Amino acid sequence: MAMLCGVLIAAPALAQRAPAGAKADMQAPVDTRATGDKAMDARLADIDVYAGTYPQAFIDEVGRYLDVPRGYAEALLNQQGWQAGDIWYACALGKVIGQPCRAVVRTRSRLPQADWSEVAQALDAPLDRRQQQALRELSERSYRHWARPLPKG
Numbered sequence: 268m269a270m271l272c273g274v275l276i277a278a279p280a281l282a283q284r285a286p287a288g289a290k291a292d293m294q295a296p297v298d299t300r301a302t303g304d305k306a307m308d309a310r311l312a313d314i315d316v317y318a319g320t321y322p323q324a325f326i327d328e329v330g331r332y333l334d335v336p337r338g339y340a341e342a343l344l345n346q347q348g349w350q351a352g353d354i355w356y357a358c359a360l361g362k363v364i365g366q367p368c369r370a371v372v373r374t375r376s377r378l379p380q381a382d383w384s385e386v387a388q389a390l391d392a393p394l395d396r397r398q399q400q401a402l403r404e405l406s407e408r409s410y411r412h413w414a415r416p417l418p419k420g
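With the working numbering applied, the sequence shown covers 268 to 420.
Subject to a maximum C-alpha distance of 30 Å in a straight line, what follows is the list of computed DSSO-like cross-link-like pairs (lysine-lysine):
1. 362 / 419
2. 362 / 305
3. 419 / 305
Quick list of simulated restraints, FRET-style, between CB atoms:
4. 303 / 377: 18 to 26 Å
5. 388 / 305: 19 to 27 Å
6. 388 / 411: 27 to 35 Å
7. 399 / 419: 13 to 21 Å
8. 322 / 395: 27 to 35 Å
9. 419 / 377: 32 to 40 Å
10. 300 / 369: 16 to 24 Å
11. 370 / 419: 30 to 38 Å
12. 336 / 419: 27 to 35 Å
FYI, nobody ran anything at the bench for these hints, they're computed from the structure.
In this text, all values refer to a predicted model and were calculated from it rather than measured experimentally.
Each residue gets a CB set at the ideal place from its N, CA and C atoms; glycine is no exception.
Given the sequences, and given the hints that come with them, work out the whole structure.
Structure below.
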């Protein structure tokens, strides 16, 4: 009986092993949250934490300063697969490239495995230094509004 239990417990693990001859070094998954700017990536992760504690303040910020209808920001925040940092970045990116937040969200939803630079390229708006600086300034402004220190990163 003990041997049967051992076999049954090990069976799922054995079934998940890579077949013989399969590549041992599988490609690492793409970090779809990556912006190409480590400081911005740290800010987006911190925005997730902030919005978890102060969701209404987050929604107010996105609505008021990133020109997004409050109801839309709130619906995104409650939608599975969308984290606050991604919502903030999608709407800030839209503001910087002159596209509505909804267009950026649709593109991001259509390309779930893409990182943010690929999303921008899909919108025919690859980010240059000036636009990246504008995104950093928008994030700094949001942090000032929240009276929150910028995360290290």
